[in-house]
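Number of protein chains: 2
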Amino acid sequence: MVFKVGLLGLGTVGAGTAEILLNPALRHPLLQEIEICRVGVRSLDKPRPVTLPNSVLTTDLAAIVTDPDIDIVVEVIGGLEPARSLILSAIAHGKHVVTANKAVIARYSDEIFDAANAAGVYVMIEAAVAGGIPVIQPLKQSLSVNRIHRVIGIVNGTTNYILTRMQREGADFDAVLADAQQLGYAEADPSADVDGLDAADKIAILASLAFGGRIKLDDVYCEGIRGVSAADIAYADRLGFVIKLLATALREPPTAAGDSADQLQVRVHPTLLPKTHPLASVNDVYNAILFEGDPVGQVMLFGRGAGAGPTASAVVSDIQNIVAILKTCGGNPPNLHPLLACIHTHYCTLRPMEELVTRFYARFLTHDMSGVIGRLGTCFGNHDVSLESVVQTGYKDDLAEIVVVTHDVREGNFRQALDELRGFEAIAAIPSVLRVL
Amino acid sequence: MVFKVGLLGLGTVGAGTAEILLNPALRHPLLQEIEICRVGVRSLDKPRPVTLPNSVLTTDLAAIVTDPDIDIVVEVIGGLEPARSLILSAIAHGKHVVTANKAVIARYSDEIFDAANAAGVYVMIEAAVAGGIPVIQPLKQSLSVNRIHRVIGIVNGTTNYILTRMQREGADFDAVLADAQQLGYAEADPSADVDGLDAADKIAILASLAFGGRIKLDDVYCEGIRGVSAADIAYADRLGFVIKLLATALREPPTAAGDSADQLQVRVHPTLLPKTHPLASVNDVYNAILFEGDPVGQVMLFGRGAGAGPTASAVVSDIQNIVAILKTCGGNPPNLHPLLACIHTHYCTLRPMEELVTRFYARFLTHDMSGVIGRLGTCFGNHDVSLESVVQTGYKDDLAEIVVVTHDVREGNFRQALDELRGFEAIAAIPSVLRVL
Numbered sequence: 078m079v080f081k082v083g084l085l086g087l088g089t090v091g092a093g094t095a096e097i098l099l100n101p102a103l104r105h106p107l108l109q110e111i112e113i114c115r116v117g118v119r120s121l122d123k124p125r126p127v128t129l130p131n132s133v134l135t136t137d138l139a140a141i142v143t144d145p146d147i148d149i150v151v152e153v154i155g156g157l158e159p160a161r162s163l164i165l166s167a168i169a170h171g172k173h174v175v176t177a178n179k180a181v182i183a184r185y186s187d188e189i190f191d192a193a194n195a196a197g198v199y200v201m202i203e204a205a206v207a208g209g210i211p212v213i214q215p216l217k218q219s220l221s222v223n224r225i226h227r228v229i230g231i232v233n234g235t236t237n238y239i240l241t242r243m244q245r246e247g248a249d250f251d252a253v254l255a256d257a258q259q260l261g262y263a264e265a266d267p268s269a270d271v272d273g274l275d276a277a278d279k280i281a282i283l284a285s286l287a288f289g290g291r292i293k294l295d296d297v298y299c300e301g302i303r304g305v306s307a308a309d310i311a312y313a314d315r316l317g318f319v320i321k322l323l324a325t326a327l328r329e330p331p332t333a334a335g336d337s338a339d340q341l342q343v344r345v346h347p348t349l350l351p352k353t354h355p356l357a358s359v360n361d362v363y364n365a366i367l368f369e370g371d372p373v374g375q376v377m378l379f380g381r382g383a384g385a386g387p388t389a390s391a392v393v394s395d396i397q398n399i400v401a402i403l404k405t406c407g408g409n410p411p412n413l414h415p416l417l418a419c420i421h422t423h424y425c426t427l428r429p430m431e432e433l434v435t436r437f438y439a440r441f442l443t444h445d446m447s448g449v450i451g452r453l454g455t456c457f458g459n460h461d462v463s464l465e466s467v468v469q470t471g472y473k474d475d476l477a478e479i480v481v482v483t484h485d486v487r488e489g490n491f492r493q494a495l496d497e498l499r500g501f502e503a504i505a506a507i508p509s510v511l512r513v514l
Numbered sequence: 078m079v080f081k082v083g084l085l086g087l088g089t090v091g092a093g094t095a096e097i098l099l100n101p102a103l104r105h106p107l108l109q110e111i112e113i114c115r116v117g118v119r120s121l122d123k124p125r126p127v128t129l130p131n132s133v134l135t136t137d138l139a140a141i142v143t144d145p146d147i148d149i150v151v152e153v154i155g156g157l158e159p160a161r162s163l164i165l166s167a168i169a170h171g172k173h174v175v176t177a178n179k180a181v182i183a184r185y186s187d188e189i190f191d192a193a194n195a196a197g198v199y200v201m202i203e204a205a206v207a208g209g210i211p212v213i214q215p216l217k218q219s220l221s222v223n224r225i226h227r228v229i230g231i232v233n234g235t236t237n238y239i240l241t242r243m244q245r246e247g248a249d250f251d252a253v254l255a256d257a258q259q260l261g262y263a264e265a266d267p268s269a270d271v272d273g274l275d276a277a278d279k280i281a282i283l284a285s286l287a288f289g290g291r292i293k294l295d296d297v298y299c300e301g302i303r304g305v306s307a308a309d310i311a312y313a314d315r316l317g318f319v320i321k322l323l324a325t326a327l328r329e330p331p332t333a334a335g336d337s338a339d340q341l342q343v344r345v346h347p348t349l350l351p352k353t354h355p356l357a358s359v360n361d362v363y364n365a366i367l368f369e370g371d372p373v374g375q376v377m378l379f380g381r382g383a384g385a386g387p388t389a390s391a392v393v394s395d396i397q398n399i400v401a402i403l404k405t406c407g408g409n410p411p412n413l414h415p416l417l418a419c420i421h422t423h424y425c426t427l428r429p430m431e432e433l434v435t436r437f438y439a440r441f442l443t444h445d446m447s448g449v450i451g452r453l454g455t456c457f458g459n460h461d462v463s464l465e466s467v468v469q470t471g472y473k474d475d476l477a478e479i480v481v482v483t484h485d486v487r488e489g490n491f492r493q494a495l496d497e498l499r500g501f502e503a504i505a506a507i508p509s510v511l512r513v514l
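So the sequences go chain by chain: A and B. For the first sequence, the residue numbers in our numbering are 78 to 514. For the second sequence, the residue numbers in our numbering are 78 to 514.
I should point out that these hints are in silico values taken from the structure, not numbers from a laboratory. Note that CB positions come from ideal geometry on N, CA and C, so glycine has one too. Treat the hints with caution; some may be incorrect.
[Unchecked claim] Keeping only pairs whose Cα atoms sit at most 27 Å apart, straight-line, the calculated BS3-like set for lysine-lysine is: (1) Lys404/A to Lys404/B; (2) Lys352/B to Lys352/A; (3) Lys404/A to Lys81/B; (4) Lys81/A to Lys404/B; (5) Lys293/A to Lys352/A.
[Claimed, not checked] Some chain B residues well away from chain A (every beta-carbon gap over 10 Å; in silico): (6) Val133; (7) Asp187; (8) Glu203; (9) Leu220; (10) Arg303; (11) Pro410; (12) Ile450; (13) Leu476.
Please model the complete structure; the sequences and the hints are all you need to start from.
Put into structure tokens, the structure is as follows:
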């Protein structure tokens with residue numbers, strides 16, 4: 078049997094995908110039954126890193142998603158449109174879809190999976206999260222027997238690279254970002270990465286799968302790493318922490334009051350992480366996702382989160398999984414595979430950030446007046462914020478620098494205390510407020 | 078639809094498996110369609126941590142594997158017999174099999190998978206390697222699109238616990254082993270763990286899947302951790318290494334001479350690992366497996382390698398995967414799923430250890446005679462062993478202690494040099510010889 082693939086896009090990931098499919102030796106023999114039938118590109122003249130017959134290339138992407146010969150459409154053009162419309166059209170024409178497009182899936186998974194279920198086709202998204210690391214498929218097919226409590230990921234390679242270099246070199250954000258842009262590790266417009274938007278897309282997708290419900294992307298709290306300074310990294314280091322951009326999804330245990338089981342936290346923000354934590358040693362462009370579930374405990378998946386090769390590995394594994402099912406059932410099966418299809422349709426409720434209970438790190442610049450630490454402590458105490466440590470770390474210009482780490486507190490209380498402190502004459506500035514795991 | 082499971086064994090893992098299946102809330106809804114139909118135990122009177130109807134328990138295990146009502150037999154009794162015979166009988170009676178039994182699979186996978194393919198059933202083994210870490214299934218279903226070069230695992234929790242404590246406490250092997258036995262982390266007869274036999278079973282299974290061929294367990298080189306001393310751990314630490322029991326499977330690149338593609342190395346031995354290596358920070362009872370493939374690069378999977386909960390998670394995920402396929406195809410499908418069934422039948426050729434090319438660490442005790450280091454260096458040079466460092470680390474009793482680290486050398490050459498050195502008057506003893514990654 079030969080299964081026919083239509084590839085939308087022949088950029089980095091598209092070329093990597095073609096490379097694997099055109100060179101099946103020493104890979105799983107099932108790949109020999111997969112053929113690249115059409116490839117949609119923007120321009121026919123551009124030089125390509127892979128050699129494909131001219132007859133395969135076309136600029137008419139709409140013709141690929143409607144081609145009756147094609148079994149599986151692979152969307153690797155990225156961006157919201159025309160990717161979304163092409164995916165929906167492919168589904169409407171009975172094609173299975175494999176996509177690396179986290180932005181489309183995080184925003185339009187409801188209509189896409191509704192359409193896929195109605196058409197009886199698969200939409201596979203391994204490559205949309207954490208590149209080459211098998212994470213979607215182990216989550217669906219292995220870890221889903223667990224009650225997942227929490228998913229914590231380092232899912233953006235660019236920010237992890239920047240934070241790692243800031244840590245190693247004692248350098249500030251702007252300098253490292255500029256260098257990362259020169260080296261090609263960061264985009265000219267770095268916002269999607271450094272402001273946490275890319276990580277928010279990915280954790281929304283992971284949360285949806287881990288907790289079996291839909292997530293509205295707008296509800297996901299998102300804070301990037303622009304506010305992380307070399308000073309904070311140095312103080313965190315002294316306190317036994319590293320700073321990482323963590324994407325977290327958490328199902329809160331049901332309370333006696335009878336909360337719904339779907340009260341979730343889904344958030345992206347820089348976080349102080351104990352150096353002994355499994356994610357603390359994930360450096361450079363590497364990604365890792367830590368799952369905590371009952372009864373499996375902690376499981377961490379680690380690898381390269383981006384790049385042609387890793388992402389293509391994920392894309393082709395999805396193609397191979399679809400082909401494997403079609404082969405098993407001898408054609409289109411009567412039912413969708415219940416672990417690979419998306420079966421939930423309700424929306425999860427996300428807890429507002431002010432209700433989050435977490436530890437905080439805050440750095441204050443204060444005028445060197447007597448009793449400042451006492452007034453800080455009193456103000457926090459009035460707002461039910463219990464402090465783990467208060468350390469005057471030194472002077473900066475004429476100001477004393479004080480670093481505070483709290484015990485677990487309600488975020489709303491902590492923010493109220495900070496607002497009150499900002500009005501104190503002795504407090505010149507509060508340059509950093511970070512959460513602590 | 079309800080799928081019926083017959084469970085062989087209700088010990089730690091069996092009880093953990095039942096616990097998940099009896100409490101499906103907040104797990105994948107597919108689990109609600111799985112029913113524990115019969116449970117085979119040695120004694121009906123023993124108190125159990127899970128509550129099952131009396132009618133379900135039986136001491137007649139043979140009756141379970143032949144019961145026409147049962148779809149899936151789960152073997153968690155362990156040991157070679159009667160586990161092997163029960164598995165073969167279940168297959169002969171058309172049951173799918175899920176097993177956590179690494180010893181049976183490492184020794185009898187040929188007859189078991191031949192029988193399973195002939196009968197058109199699955200034998201699923203996620204729980205046989207690395208407990209709760211999804212590793213078999215990601216390897217088969219995700220990473221198999223890659224050309225896998227190498228698999229390196231810390232796959233035995235007991236030895237990792239012992240080595241971690243030796244490292245932290247500066248303690249010697251015997252003392253930590255005795256304590257680990259008292260705490261229940263090591264068996265009264267610790268041989269399977271500390272002599273590397275358990276790790277050898279697991280790497281044989283992983284090698285077979287990663288490289289698509291059968292492995293004769295007798296060909297797997299196996300060296301345990303009894304010879305690792307506190308002194309070696311301390312010297313390794315100074316040189317920038319930790320010592321871990323690594324299980325390695327490696328496909329050698331084809332040479333110009335036209336080697337077969339299946340020239341493999343499969344071996345278990347304590348290894349000096351650079352502290353910056355992703356496996357170096359895997360401590361205590363945790364396991365991790367690092368895959369290196371083209372084009373995915375490095376992927377590491379980390380978690381708990383043993384215990385009721387993690388192992389039960391793996392067992393139930395296998396059950397769930399079988400049920401998912403049966404449901405998809407609306408009953409027994411016409412073909413076995415090509416990624417879940419075992420499709421290879423040839424045997425791989427393993428490279429003899431003397432042909433291994435690796436770095437070595439060796440510790441010598443020498444009489445304090447002038448020119449000893451010179452004679453060491455000359456002897457190694459005569460055998461084509463190039464040295465990276467030679468350090469006289471101190472004195473032990475009346476003897477000088479010298480630690481040597483080589484560049485990559487052929488193991489056979491290194492061994493010949495050691496044999497020659499043992500005859501030197503100046504060399505009192507060579508207490509440690511370890512490989513370096």
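When you look at the beta carbon of proline 410/B, is every beta carbon of chain A farther off than 10 Å?
5 Å, violated
Given as non-interface: isoleucine 450/B, partner chain A, CB spacing beyond 10 Å:
36 Å, holds
Beyond 10 Å from every chain A Cβ: check whether that's true for valine 133/B.
20 Å, holds
Does lysine 81/B lie within 27 Å of lysine 404/A when you go C-alpha to C-alpha?
25 Å, holds
Nearest-CB test (10 Å) between chain A and glutamate 203/B
Check fails; 7 Å does not lie beyond 10 Å.
Would the hint linking lysine 404/A and lysine 404/B be met if the CA-CA limit is 27 Å?
Holds, because 15 Å separates the two Cα atoms, which is no more than 27 Å.
At 10 Å, judged by beta carbons, does aspartate 187/B keep clear of chain A as stated?
19 Å, holds
Has the given pair, lysine 81/A with lysine 404/B, been kept, meaning a C-alpha gap of at most 27 Å?
25 Å, holds
Taking 10 Å as the cut and beta carbons as the points, is leucine 476/B off the interface with chain A?
38 Å, holds
Holds or violated: is the Cβ of arginine 303/B farther than 10 Å from all Cβ atoms of chain A?
29 Å, holds
Taking only the CA atoms, is the gap from lysine 352/B to lysine 352/A under or equal to 27 Å?
15 Å, holds
Take a quick look at leucine 220/B and tell me if its Cβ sits farther than 10 Å from every Cβ on chain A, holds or violated.
Leucine 220/B not clear of chain A: closest Cβ-Cβ about 7 Å, inside 10 Å.
Of the numbered hints given earlier, the model fails hints 5, 8, 9, 11; all others are met.
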